[in-house]
Structure formats: structure tokens, C-alpha cells
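Given the coordinates of chain L, assemble chain S onto it according to the supplied hints.
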Amino acid sequence: MANETIRCECGHENKEGTVLCEACGKPISENQHIDGNDQQNVLEMRYEGGARRSQTYKRTVVDKVWGFFSSVKVGVWLIVITLVFSALGTIYPQEQFKNSPLPSSAFYEEEYGLTGKIFYQLGFHNMYDSWWYITLVALIGVSIIISSIDRYVPLRRALKNQKTKKNEIFVKRQRVVSFDNELSENDLNTVKTNLKKQRYKVHEEDGHIFAEKNRFSRWGPYVNHIGLIIILIASIFRMFEVMHIDDYVWVREGEVQAIPGTGQEYYVENNKFIYEVYDADTEERFTRALEDVENPVPKNFQTNATIYRATNDPILGEKPELEKVTEGEIRLNQPVIFDGYSLYQSGTQVESEYNSISMELQLNNQSLGAFTFDTDEAPSEFKLEESDTTITIDNWYPELEFTDEGPSSFSKYPRNPGIIFTVSSPELEEDERFFYLQEKVIPLADNNQANVNVSEVDRRSASGLTVKKDNTLPLFGLGAGIFMIGVSQGLYWYHRRIWIHPKDGVYHIGVHTNKNWYGMNQELDKITKGTNVNSFVDQQEMK
Amino acid sequence: MDLYELSSLFLNITFFLYLIATAFFGLTLGKNRESNKKSKATRIAMTFTIIGFASQMTSYIFRWLQAGHIPVSNIFEYIYFFSMMLILAFVVIYFIYGIPALGLIALPIAIVIIGYGSMFPQEISPLVPSLQSNWLYVHVTTVALAQAILSISFIAGLLFLIKRVDQSQSSKETTFLELILFGVVSTIAYIVLSSSFGAMDYEATFTKELEEQTVDVTYSMPALFQPHDSELVTEGVFNSGIETPGWMQGADAGLKLNTLFLSLAFGGVLYGLLRLILKGRRISALLNEKFDKINPDVVDDIMYRAIAIGFPLFTLGGLIFASIWAQQAWGRFWGWDPKEVWALVTWLFYAVFLHLRLTRGWHGKKSAWLAVVGFAIIMFNLIVINLVIAGLHSYA
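Protein chains in written order, with my numbering: chain L, 233 to 775; chain S, 119 to 514.
Next comes chain L alone, as it looks inside the complex (with noise of 0.2 Å):
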């Protein structure tokens, strides 16, 4: 890159590329043309005529890029782009909504026929995730810093080297202006007094005043960009597993699990699992809107939770030694949270399982006894003492369903237990079978003479529990907090300046705002009020 520079008539070195000299203003004629400035009458203010990389050098490969991708217009196309592919991305459910036991290379044409099937091929089912997608953000994050760069350091130069003494043209081609004004010293000192008031930085020099305020407004976009990169920077880091941890568990009540992402070291008890339901008739003021629905709205999930930490470093298979961290109630909404792991309320199967069934043996009305099967016991026998009976189980299935081979167990969770037992008494002449199913106790013989009745069942819910970790939060909440900062910044203060310039007796009046000109024309009226100040002209009024 060359470093040649172009000295301006009043002194100053400018760069090479510069279109209005940094210090005092004069447009550099050579360079008119790269702001446009030659076709209007009104310079063009947005950069101050910084000498932008990205439209001085455009001869090798890597000005071209920096050329491509330090372009609005190439952001804003991006930005376009992704815009309307995420918004395709919603016209059919995503993979991960799917709810459906097909794979996607069927589901979506079965469900939704050609177009579902030309949405699948196209990828759009899974779209987020998809290279091509996160490419398109990568882009926008690349046009965001190149484009930052290439206007932030020739403006910022161009501020710092500002003079208080300006060139004619710049101050005459300014949007806002007023000329030729009659300004006694009295009219001098009232304007700078109410610029003072309105909080502006006064400066003199051989007669020409220039007062300025909210220079830092200016930097308000980069200052957001930052913020944006930041969050992107915090995706990237959330796409490695040692960041972040999103693990499920199921517990039963009663039960104590490994939790899941934690390396065996955390453990959860669930206590005792609660599911409530809004009732009509005790909710008076929502009886309109339940008398209506068919189902139950549900009020509550709640998940009586202990956590628990191993204090040593178990063998395989031995059981660890637990010592209580945490206990708390999880609801939606409510996660419970311990040493940066995080339980959310997230499955529920309510009274799904089967915690224990109680039988009583009848023989001629008269009782033998009663038993209770456990379900996670599961014992093999049980001795009646009173009339020294003996029941032995045959066959256990926890979720019983029945094939071509007979009776067999579908899982090993209580579901829908079934239980094949044998009774021996020395009251009944021989043995005799009988079979539990579904709460019921029916005899595997015609000729049974004893009678078994199911006398209580216990259900139990099971709780589902989503494990989360996430050391990437505090990074995206930084992001998005600069972000918040930097835009206030841009768009709730203006870069304002005024230029007083002596020429020939006269006064000629330059003014500058960043934006809000309605704003700065009001502003103007209480600067100049009580003085000899002409009526400011907008040279670029909409007519």
C-alpha cells in the first residue's frame, strides 16, 4: 500500500483517498467523486470525507474483499438473504419439532406432499443447523467487521484533526446554512452563550467560532457492532461441548439418578412429583373459559427434589457414597440450580408406572392373608404366616403385552405390570395359578377355589428433568448488553456542529447534524433567538 499524502492549502497532510481535508474541510478536488459530492450542491457529511480504505485501494485480490465486504449494500443484501431463508425455515416444522416416529425422508412429503418433499430436499428441515446457513452468518459477521473498520478509523481521524477554522466552501455546503449575516459582537455573545446553554463545546480562532456537542454519538454503530460480534463470537464458543451441557434424565419418585453430563459426580432424588389441574368450580373467576375446554389445563408440574454429590470416586458397580448439596422444588419456570448445573422441569408421566399392587387371598369368604408385590423388588415369594401359605411368583412382566409366543414384557418399567403366581396352602387341595393383569386377578383354572382381589395399587409419576450448563451466558449477555449501549448511543444523540465563518464583514453560518434535522432546526431557533441571525435555509428540503 502506498503512503502517499495529499497537502492540503491550508497545511495538512491529508491520506491518500481523502475527499474533504480532515482539517480544514476544503473538499479535495481529485476526490469529489468518490462521495459524489460533484452532482449536489450539499458535501456529503456521513464519513466527513475520510479517506476510506475500501475506495482508495482497489487494485489487489485483498482490496477487492475488503472492497466486497466493507459495502452497506453487500450487508444489507446478506442480512436480505438470511432474512428470507429463516423465514422459509418456519413454513413446515423443523426436524427437531417434528413429533413423529417417521424419518424426515418420509414425514415431510407424507405429511405435506410435494412441497413438503421439495422443503426436505432442499434442506430447509433442518436449516439452523445447516453449513450453508451458519456460512451466511459467518458473512454478515465478516461484512459487520470489515465494514466497521473501513469507516470507523478514517472518521475518527478526521474528528480528531478537525480545525476550528474552516474553509468557505465546506461551511457554505453544509445541509443547513445561513449567509451573509449582519452579527454585532453583542450577537456574537448571545449565540455563544445559548450554544454554551445547549451544552455545546465552544471554540474560537482568529474570529470563526465552531461549537460542537455528542461527538461520541458517532461511534454509537461500531460500538453495537461490537456487541453484535461478541454474540456471535459466543455462538462459535457454544458449538463446543466443553461450553455448554444439555443432557435429560427420567426419575421415578422415590428414585435416585446419576444426573447425566456431570461425570457420575451429581445425583437427584425425586422426592415426590406434583401435578395439579385448574378446577372450575374453585376458580370462579376463570369458570367462562374453563366450562368450555375438554381437557384439563393444567396449573402445575413440580418435581420434590434432592441433588446429591459423591464424595468418593465409586469403582464401576459399587454404590456411591452420597452427601446431601441441595434440595428445592422444580417447576417450569423455577429450575433448580447448583454449582452451575442447572435441573429445568421439562417431561412428565404422570401416575404412569406402577409403584406397588396388594392382593388378598380369599378362600370361601374367609381371608388367608394379603401380600404386597413391589414392583422394583419384584420378590420371587411371599409367606402368608396366618395360614402358612406360600405364594410364589411364575412369571414377572413389568409392561406386559402379549405376542405370538404368549406373554411377554415389552420393557422393563412397571407400565402395565403382569403377574403369574402360584398359590400353595395347605387349606386348598393343590396348587393353584393365578394371573394379574391390568388390576385385575383372574385364575388360570376352571376349578381355582381360592379367590385373589386386588386390594390397593400405588402409582408413581415419573419426572423428566433436562441437565444444563451453559459457561457461554455471561458472553452473549456482554454481546447483547454492548449492543444495547451502542445503539442508545447512535440513535438517542446527535452529533451536532455549527461553524461560524467571518468572510468580508459578513457572517456565514454552516450547520451539521449527524441526524434528527427536525431536532437540530428547533434547536437552532433557541440558539440564534434575540439575534441578528438570518433564517437558516435546508438546501436539501423535500419540496
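Hints are computed from structural coordinates only; laboratory data are not their basis. Note that the Cβ used here is the ideal one computed from N, Cα and C, for glycine as well. Treat the hints loosely; a few may be bogus.
[Said to hold, decoys possible] Capping the alpha-carbon separation at 25 Å, the derived lysine-lysine pairs in BS3-like fashion look like this:
1. Lys747(L) <-> Lys258(L)
2. Lys758(L) <-> Lys428(L)
3. Lys445(L) <-> Lys397(L)
4. Lys747(L) <-> Lys290(S)
5. Lys457(S) <-> Lys349(L)
6. Lys305(L) <-> Lys758(L)
7. Lys483(S) <-> Lys290(S)
8. Lys305(L) <-> Lys484(S)
9. Lys404(L) <-> Lys392(L)
10. Lys305(L) <-> Lys483(S)
11. Lys531(L) <-> Lys457(S)
12. Lys424(L) <-> Lys445(L)
13. Lys330(L) <-> Lys326(S)
14. Lys349(L) <-> Lys374(S)
15. Lys330(L) <-> Lys457(S)
16. Lys395(L) <-> Lys429(L)
17. Lys330(L) <-> Lys374(S)
18. Lys428(L) <-> Lys395(L)
19. Lys484(S) <-> Lys747(L)
[Unchecked claim] A short list of chain S residues far from chain L (calculated; beta carbon distances all over 10 Å):
20. Thr165
21. Val302
22. Phe315
23. Asn357
24. Leu388
25. Gly449
26. Trp487
Relative to chain L, chain S alone:
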């Protein structure tokens, strides 16, 4: 009379107060801008607007007291709160800029929005567990306020376009402008149809087989399109015998198509009548003439200012607060739920608006058209996402 009924009563009063205010804003038309701001009609119109706002607020508070939680938990309550914020934003803008013509657009839009919202179930429903959080107060209200302020930019944009689009010949711009007006008329048509047939207790029930189950679909408007493969059960009601095409999914597909078609058709009739009354002239051409002297620079500034305030507020409510709540409720701050995606779409869109305006000088008409598109996105997110694309946010 319990609080719920009081609340409904005040909502009805509000509706009429806004109508009266609109009529008085109408009287300010055609005068020049200087005397307009101070005219008697403007003062009366603003008085009615503010009383209307107070009445709506009262109605809202009664509802809040009855429910025991802030009424922003279903689509009716959300639209209700949104319309209230829209009026509030307009009142604030009026006291800063003093443009009565804005009221002539803002109030009818607010009225149509309230009317539209009232078509949804209004019963006070209890909070399901996922909504039981203080973030409900913070997140939803901030989003509604932000969207209301962003809508002000649409209202200013519409005023700008009515004023600045050349009506001497028809062009793409005049066509699009008419389309916007047709959209508004069709929404009114929907409200009229829905409430008239609602008052008549009109019902036509169809049964259909869906995934090996028999489903009942009840129409509350005459069925021009009955559900695909369905049978009419109700006796003595109109039935065209035309079926909804099978590729439209879901049990309610026919119902939605029917309502949409009837609203657009009736909207078309109303629009056609208006054009007939105007002897074929475009409605926007008439409005252009009526909205006489308006300073386009100021309207343009309102358009920008609304977005300058609405955008950061939307970022805060729709993305930041939303993420914090999502983290707390579901353990993930972002999950690509359709509503979340559309919040991102909205945010990206207004980011584009700001970049084009601030760095590429898109002022005036270009800006105004963008403001219109922005409003369309907000309405899409509010209505279509909730009603058509189901996701975690479909509470209504």
C-alpha cells in the same frame, strides 16, 4: 355485574369513543396545516382519543383485577394491549409533532385491530405453568409496546405515501397503495361477517375422518368451502358442496380457507362499492386530495423516529428479555421456534431499514414502503404464526 362484565362494557365504550374521535379527526381535513393544529375539531378529536384511552385502560385494569395476572396471555389480550399501546404512542407523537392527519390513520387502524382482536375468545383463562413467570409481565408488554411504536412508523409511512404517491396516473405504487387499503377493508369485512353471524348463532358442523378419528369441524359462517372429505351434520344450513383441496393440511384447513375467502370476497364487494361511490376513482386518490397540507419532512421524521425508538425496544423485549425467559423456562435461550425465528426476521428487517436509511440515504417514499413491509411482518408474526404455524407460542 362482575369485573369481567365491567371490563367488557368499558371496552365497548372505548370502541365508540375512538369512532367519535375519528369522525372529529375527519373534520380537520382539507384545512391548512397552521390552523389545523389549533382547530377546534382537532382539540375535540384529541379529547375523545384521550378519554377513549382512559376508558380502555380502565377496562384493562378491571380485567387484570379479575384475572389476578396481567392480561397478555392469549391472542385477544395481546391484541387488546397492543392496540392500547398504539393509541398511547399516537398520543405521545401528537404532542411532540402535532399532526392531526396522523390520527385519521392511527385511530381507524387501532379500531380495526381492536375489532379483529375481539373476534377471538375473550374469556379470562388461567395461566398454564409455562406462563407463570414475572417475565410474562416484562417480555410481553415490552414486545407489544415496541410493536405498537413500530406500527406508528407504518402509519406515518402510509400518510406519507398517500400524500406523495403521484395519483395523476396509475402505477405500481398506486396499485400497492390500493392493496393496503383493500387489506384494511377486508379486515373490516371479516369483523362484520364474523360478528353478524356470531350474533345469529350461526353454526354448520361437518364431520370428517382424520388419522382414523372422527373430527367435528364447526363453521360459524356459511360454508362455501367445506372440509376435505367431510359430511354436513347440521340441518337446514347453506352448503355449496365445494370441498377444500386435500393438500391443505389440518382439521381446520377448510374453516380457515372459508373464512379467508369470505372475508376477501366481502372485502372486495365493500371496496368495489366504495370505488363505485367515488365514480371509479382510486380511494388513495381521494385521500390524497383530502389530506391537504402536510409537511412531508416531518412525517418522514416521525417514520424514522418511531423505528429509532421501536427497534431498540424490540431488541430488548423481543430478543433479550425473550431469551432470558426462555433460558429460565426451558433451559435454552434460543430454540428456533417459529415465533422466535419471526422475531429475528422482524429484527433483521428493521436493521436493514436503519442501514438503508442512515447509510444509503433511503428517505421519503422508499423508507415509507419499507415501513409498510415492516408492519406486514409484525402482523404476520402476530396472526399467521399464532393461528397457522403452531409452535411453543400458540397459546391462543
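- [ ] If any of the earlier hints don't hold here, list their numbers in rising order.
- [x] 4, 6 and 25
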